[in-house]
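Let the hints inform the model, and build the full structure from the sequences given.
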Amino acid sequence: MLNNFIFIVLPYTALALLIFVTPYRYFSNRLTWSAYSTQFLERKTLFWGINPWHYGIIPVLAAHLLGFIAPGPMKALLGNQRNLVIFESIGLALGLFAVFGCLALLLRRVNTPILKKVTYTADWVLLYLLAAQALSGVYIGVFMRWGSQWYLHTAVPYFWSLATFNPQIDYMADFPLMLKLHAAGAFLIVALIPFTKLVHLLYVPVGFLTDPPILYKWRSR
Amino acid sequence: MNVRAQLVMVFNLDKCIGCHACSISCKNIWTDRKGAEYMWWNNVETKPGVGYPKKWENQEKFKGGWLRENGKLRLRALGKGPTLFNMFFQPNMPKLEDYYEPFDFDYGNLYKAPTGSDQPVAEAFSQISGDRIDKITGGPNWDDDLSGSQLYAVEDSNLADNTLVSDYGRMFMQYLPRICNHCLNPACVASCPSRALYKRGEDGVVLVDQNVCKGWRFCTSACPYKKVYFNWQSGKAEKCIFCFPRTETGQCNACAHSCVGRIRHVGVLLYDADRVEEALLKPDDQLVAAHREVILDPHDPEVRESASRNGVTDQWLEAARKSPVYALVKEFAVALPLHPEFRTMPMAWYIPSLSPVISSGGDLHELADHGTFPLLEKMRAPISFLASLLSGGNEEIIADVIKKQIALRLFKRAGNIGQPIDDSILKNAGLDEAGANKLYRLFTIASYRERFIVPSQQREEQDSYQRKGSSGFGILKKTRGAK
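For the record, the sequence lines run as chains A and B.
Each step along the first sequence adds one to the number in the numbering used here, with nothing skipped, and position 72 is 72.
Each step along the second sequence adds one to the number in the numbering used here, with nothing skipped, and position 120 is 1120.
Some clues are possibly wrong.
Cut-off 20 Å, straight-line C-alpha distance, at most; resulting in silico cross-link-like pairs (PhoX-like, lysine-lysine) [to be verified]:
| hint | chain 1 | residue 1 | chain 2 | residue 2 |
| --- | --- | --- | --- | --- |
| 1 | B | Lys1095 | B | Lys1055 |
| 2 | A | Lys116 | A | Lys44 |
| 3 | A | Lys44 | B | Lys1095 |
| 4 | B | Lys1034 | B | Lys1478 |
| 5 | B | Lys1112 | B | Lys1095 |
| 6 | A | Lys44 | B | Lys1061 |
| 7 | B | Lys1054 | B | Lys1135 |
| 8 | B | Lys1438 | B | Lys1403 |
| 9 | B | Lys1095 | B | Lys1054 |
| 10 | B | Lys1403 | B | Lys1330 |
| 11 | A | Lys117 | B | Lys1412 |
| 12 | B | Lys1412 | B | Lys1478 |
| 13 | B | Lys1282 | B | Lys1330 |
| 14 | A | Lys116 | B | Lys1095 |
| 15 | B | Lys1015 | B | Lys1477 |
| 16 | B | Lys1412 | B | Lys1427 |
| 17 | B | Lys1330 | B | Lys1478 |
| 18 | B | Lys1034 | A | Lys117 |
| 19 | B | Lys1403 | B | Lys1427 |
| 20 | B | Lys1034 | A | Lys116 |
| 21 | A | Lys117 | B | Lys1055 |
Some chain A residues flagged as far from chain B (calculated, every beta-carbon gap over 12 Å) [said to hold, decoys possible]:
| hint | residue |
| --- | --- |
| 22 | Gly49 |
| 23 | Leu61 |
| 24 | Phe68 |
| 25 | Gly72 |
| 26 | Tyr139 |
| 27 | Met144 |
| 28 | Leu181 |
| 29 | Val190 |
| 30 | Pro212 |
Quick caveat, the hints were computed from the structure, so don't treat them as lab data.
Small disclaimer: the values here were computed from a predicted structure and weren't measured.
Think of the CB as a built atom: it goes at the ideal place given N, C-alpha and C, for glycine as much as any other residue.
Okay, here's the thing in structure tokens:
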């Protein structure tokens, strides 16, 4: 029952929300499409929170995605024991970095009075959810070692089965509860993307890298 | 030649009385909203002083504007690659304390306070957190009129010798009203990773597209004038819009309209967009001349034809020909750009003001020696100070402008009191009688329609199908926290 919910209902719901709500939000009101930076109001603690968080979580997230996109090359790379140890160590360090950053951001919201008026329920939900997600990830990294290897043989085939609309939850059914929670958290975060300020991660500015510096727009053209 | 039109404002600092009427009219129209309380798209500073935000002129601190490097211009702050890696925490962004924490007073308490033994008071509270503020430590014009201040005025980066701030015989004071300069080479536009900021082709106004802005905040520090602000409520950047809803219909800006001293002029300039970069690569002291080179003569048929080819309408060309701004900036060359060395080619121009003579007990009678008006050499405001502010350090340019203003006064005074007019006075300052009379009119009795020649946008020539749905009152879509 729990398995069906976490590994079938949740991911498809999350995906559907992401695919259908995001364009709706984009076309209906882009005035709320912002990362809602609070650097202007408080910057000392932010520095120690926002940088570790982003620089920790982005490579970790990229590694998860890479395993999904290119399982073959990843298996070949991590088949070597030395590579596996290096990969695992870097991953754990980045995970701890992200946890540190996320907790700093959470405590900052708690302890900075001036942020009171720009902190909405969604901010608390996201901060707690992301902190829990990062912590459970680190727990898995420490207590269920060599995840970068077994991930490729369990979660990745399961993701592909999701993508081909033939969900094979047997890949995931026998994992300990912590990993199931980690998966559920991930789907929940995906589901929340279109509804919260997490939309900012759907937009990576790269156009400006090649554009001429001064942009002109004409009303009449 | 790539001719474009630009709406430009000229400020005659000689007439600014520092009344802040401009700031208030701007505030009432544009920034009396949540998240924008601290923003003053138009503000008036006391010089010498630190300004708003504090020490905005110090580019070592905020890293605004452009640098010349190996024959090219680059943003002082961050290149494109580093921009991507500093998105989460923008290292040069001015913080709230650099402006001030916006406050209001709890006037309701004067009526609602329970009966007691004390008079009720209206306590100050923060407009951001809503919490009580015991001691207000900053405001939009916190060092207003404090040009002798050891706390603020001495910190003015334009002062070569800041001991004069404490010397009663030498201290001086002037006002500097500032809006967004709507630069020809805007650093804010170049710094935006989302490409939300743009320069409008028709009138050169620099705007932020609120739909595209994602709140990365690079514009706030890239603008060397600190005229792009971050709205802490909506999470987006905002700036002076040159009152485009007014100018599009041929009205002048609210700040200019409400100006008590009638110091402001608004009009059209034609410029050559292809020569902007080349002009900005000149050394600091040649920048003012280079800026003027880029501005084209609206009477020149070749310029007019080229402008027409770029879509500048006849109405705009006519406005360019009559432009009071062209007369002040190029024809008489009395207006100067604010801090041209930031290399954004600002399009708000300033006529430097005269100042009282340096006096020490006993030599006041010297005034009479040179016919009522002080000599250039005797003026209190150091030429080097004005040069640092308005000409990239070129003192000759400042002296030329001041000489013109003195000559104009001597000429008109002689006329008024029926004295013989000495032609050489005007000639030495580079003026003639007709020019002096025109300048006199612009400086003094010019009417509203002479000071502001703002052509409207020809909406009827635009594609109405395109325009449908792209304009409106903006009441259907709301930002975060908007009611």
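For the pair we were handed, lysine 1054/B and lysine 1135/B, check the Cα-Cα distance against 20 Å.
19 Å, holds
Does the structure keep lysine 1438/B and lysine 1403/B at a Cα separation of 20 Å or less?
The hint holds at about 17 Å.
Sort out whether lysine 1478/B lies within 20 Å of lysine 1412/B, counting only the CA atoms.
56 Å, violated
Nearest-CB test (12 Å) between chain B and valine 190/A
20 Å, holds
Beyond 12 Å from chain B, beta-carbon-wise, is glycine 49/A?
Nearest chain B Cβ is 9 Å from glycine 49/A, so the label is violated.
Is the Cα-Cα distance between lysine 44/A and lysine 1061/B 20 Å or less?
17 Å, holds
Does the alpha-carbon distance linking lysine 1095/B and lysine 1054/B stay inside the 20 Å limit?
10 Å, holds
Holds or violated: lysine 44/A with lysine 1095/B, Cα cutoff 20 Å?
11 Å, holds
Straight-line alpha-carbon gap lysine 1034/B to lysine 116/A, limit 20 Å:
15 Å, holds
Take a quick look at whether lysine 1034/B and lysine 1478/B sit within 20 Å of each other, Cα to Cα.
Judged against 20 Å, a Cα distance of about 12 Å means the pair holds.
Just to be careful, I want the Cα atoms of lysine 117/A and lysine 1055/B compared with a cutoff of 20 Å; is the pair within it?
28 Å, violated
Please verify whether lysine 1034/B and lysine 117/A have alpha carbons no more than 20 Å apart.
Cα-Cα ~11 Å, so holds.
In terms of the numbered hints stated before, the structure departs from hints 5, 11, 12, 15, 17, 21, 22 and 30, listed from lowest to highest.
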